[in-house]
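Visitor: Go ahead and model the full structure; you've got the sequences and the hints to work with.
Number of protein chains: 2
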Amino acid sequence: MTELNGAESLVTTLAASRVELCFANPGTSEMHFVAALDRIPGVRCVLALFEGVATGAADGYWRMTDQPAATLLHLGPGLANGWANLHNARKARSGIVNIVGDHATDHVPFESPLKSDLNGVAQSVSHWVRSSQRAAEVGADGAAAVLATRDGALGRIATLVLPADTAWGGGGVAQQAAAPAAAPQASEAAVDAAARLLTALGGQAVLLLGAAGARDERAQWLAAAIAAKTGCRVLAEFYNARMPGGRGRPGIARLPYAVDATLARLAGAQALVLAGSVEPIGFFAYPGKPSQMKPAGATLLTLAEPRQDVLAALQALAEALGVRAGQDLRDGRPAAPAALALPSGALTAESVAAAIAATLPEQAIVVDEAVTTGRAFGPLMATAAPHDWLQGMGGAIGFGLPCAVGAAIGAPGRPVLALEGDGSAMYTLQALWTMARESLPVVVVVFANRAYSILQGELKGVGAQISGQKAIDMLTLDRPHLDWVALARGHGVPAVRVDDAGALVQALQRGFASQGPCLIEVVL
Amino acid sequence: MTELNGAESLVTTLAASRVELCFANPGTSEMHFVAALDRIPGVRCVLALFEGVATGAADGYWRMTDQPAATLLHLGPGLANGWANLHNARKARSGIVNIVGDHATDHVPFESPLKSDLNGVAQSVSHWVRSSQRAAEVGADGAAAVLATRDGALGRIATLVLPADTAWGGGGVAQQAAAPAAAPQASEAAVDAAARLLTALGGQAVLLLGAAGARDERAQWLAAAIAAKTGCRVLAEFYNARMPGGRGRPGIARLPYAVDATLARLAGAQALVLAGSVEPIGFFAYPGKPSQMKPAGATLLTLAEPRQDVLAALQALAEALGVRAGQDLRDGRPAAPAALALPSGALTAESVAAAIAATLPEQAIVVDEAVTTGRAFGPLMATAAPHDWLQGMGGAIGFGLPCAVGAAIGAPGRPVLALEGDGSAMYTLQALWTMARESLPVVVVVFANRAYSILQGELKGVGAQISGQKAIDMLTLDRPHLDWVALARGHGVPAVRVDDAGALVQALQRGFASQGPCLIEVVL
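Sequence order for the protein chains is Y and L.
Sequential numbering of the first sequence, starting at 1, is according to the numbering used here.
Sequential numbering of the second sequence, starting at 1, is according to the numbering used here.
What the hints contain is simulated information worked out from the structure, not anything from laboratory work.
Among the hints, a few may not be true.
A pair counts as met if it fits within one copy or between any two copies, since identical chains are not told apart.
Claimed, not checked - Lysine to aspartate or glutamate pairs mimicking EDC-like chemistry, simulated, CA-CA at most 20 Å apart:
1. LYS289 - ASP106
2. LYS289 - GLU111
3. LYS229 - GLU319
4. LYS229 - ASP192
5. LYS470 - ASP500
Guide: If you want it as structure tokens, here you go:
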């Protein structure tokens, strides 16, 4: 066998460790890695024209596969360009292996243009960081990086810095990542305490689902059965990395975004039982309003932490409560399709939601970055075909289009619907090009309200008074209007603009039928 | 007088400290700052639809004004999105005050979606970081941040984190930043040593200009006069933040990009005298090639560091050498316009350069991010109308369009030409929208070679062998072609595609005449 160079040993290691996708934006320092991808089978490579697309795609890929993808990034600036979507992935608890090329080790001491505090950037967003120092160690470092992408049930961000000489140097040794440890089990004491609390409090208790508790349809059914038995309420966190929904599913409601609405929703609760969730905290702080959303004095009881086996914990809880699975637990098959009414007339939050609910194909993946426009969708989506709903978890906009890329690649054959605000879509619009190149079945709907509408609402919340043109200019995207049809076509994606609900329905139907990417600009 | 809140005290402080521009992409945490901009005159606010546009614009603004602009960014992700162009600005030694909104101080301890290692991100790219802790201190912190944007002749990156409650809290006290210290003078010993060395070595010495040595036309003339007197060669660094060029100017040549060409250019030099420059280092390392470009054994003598008063050092050196300013130093008035031949026929590196040289208006600002295409422009640009040439200094692509925004705002009335590769322009194409909104006179030329051409060259340099389709796909921007005319129009910028030199000439002439933004896609 020919001796491997470091880059070859790394690609071989990734392939042997089930890292089968690499979302890449390479530069000079990564050329040997690119060359190795050419020669060694097992790792598919997808080009992104901006690093935030690569990192967001890796997030979406994990959410649909529970497997880490690699990203390939160019020194400190490349990693920094991917930082915001790594932050989002971190909050979504997605596992990602970043391969970041660096200068050759003997070039690093010099103040070259691309020299930066690469380690500082990496540390600020990664759970695990290592810089390979010799070609012979690159394989082992890569295997360690893959292993570091998991902590129990959770994904983590691992960043492996690959100096150019460790990529081109000989003596590489490929490895295979060790099998990750299984997610730890919730304690019997926690299960018993949860059972006693829910029995005692009934309707004054909330069973709050998060992580696998919201993500696994079986966990949702268990929670619904526990609620039926004990009278407790079941809610999911406001943000969820992936949440099955639609017809024939339990229809778990999520906590609202706004502080006042969340406080109202939780009012009267004497206990929150956390099943993969964490204590509800406000997205932002507002003058005179609390950061912690639970009612004063209410008990917080952790049934299972996000990193634990939440499904098993709910099964144990159901057993302790005498919930009979045969009766209370469905088998997950969707109910028969209903013929939903197709809306027509003016575009409103309701008619848009109705159009989406009525046209969504079976097993669609919905990526939700519709920000203000999307908040009204919840109830109607319960009537839509069974689907998975993916939300931005870290509050950094620019998550949606890249996540749609990764979700489509991670779940081939499933249609993807990306719901975008115009403000958020602008952050990483380069993702459209990758959708075109890879012929991904993504229907992008951009809600063109031509404003940062969320800020117009937030202004009142924080008590800021704005009246003048300077401030209004900071909150509006008019002058000029963005032309989303032109932007999409510029990236090679067909597009259409709609201004009534009937046209939206038609565009969605055509989009889902096309099996390639398309964009619909919804002028609000 | 009404009591100021913290945000109002900060805006008043910035205005009093000559920070007159704010490139902004605000979120909820920054709403009180936006409201304060509304009420308090003196700070113009320009909206960017992505933070990398805001930070790159602040870099361009400093380069044309020697004054810091503020940026307004939203927590860790907003700062991270601006990181790459802050890196570029840092390498260009531009001064910038980043105002980064953060959660209210009592909300920070909680793990909310936007909670991140904001301090870590800030430290990794800033010279100075502070987080305000009370509204009463925000004015003083802002004044300290403005002062921190300078170190002698150099600009620096200062990042002020503004928790929401320090913005909305009362008791704000506006301040004025202290006057910055003057740039330190080069030592007499350094001047004497440089004079002796140049006299002794003549043609075996290189006077290497950087920072103000390349940026100030008077410094260029002094260097040319010193060369005429001593026989030394004068060169500028490969990358320069701003470099006057064109007809009637000294026509200082720059070091080449490629290692071999640089080694050849410096061959035979027994000494490098550094006038605002630093030791030449290769951009990347390559197997078997040196990182340090100076000939082995050659002396490095620092006449003036970049932070020192380079112009004064060159004046002192000229005096020590007996160079008579009246004879050898021109007064900087451009030579009479020459009628350059207008090219026609096929688009080649030469005909493109000729078209630009022939049509460039007087006092244009050229922002050069043409990457591979731009390397051939040097000699012909010496025949163009007098202009300033601005280059990316940190190697992070996505610098050019934002820099053009800031340069146009910093130098009102001067036309701006942005030369872009298609790969680099994609990184921060959102800058086009700001050009349209602000009606900036920027002519953007995108060289559509539909590839990361630089990587195709770098491959050979690093010795990587690429033959397969997977690797080729990583280096090409085809499938699909980007349609730059559509992309520009989508952002509200008129655009045209040209495929011969005559059409390019016409498009440039029309573009410069329009006094608003336009984009020309040059299909190579």
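Visitor: Decide, hint by hint, whether the structure agrees.
Guide: Against the structure, the hints come out as follows:
1. LYS289 - ASP106: between (54 Å within a copy, 11 Å between copies)
2. LYS289 - GLU111: between (48 Å within a copy, 17 Å between copies)
3. LYS229 - GLU319: Result: close within a single copy only, 11 Å intra versus 95 Å inter.
4. LYS229 - ASP192: The answer is within: 16 Å in one copy meets 20 Å, while 92 Å across copies does not.
5. LYS470 - ASP500: So LYS470 and ASP500 fail the 20 Å test inside a copy (32 Å) and across (43 Å) alike.
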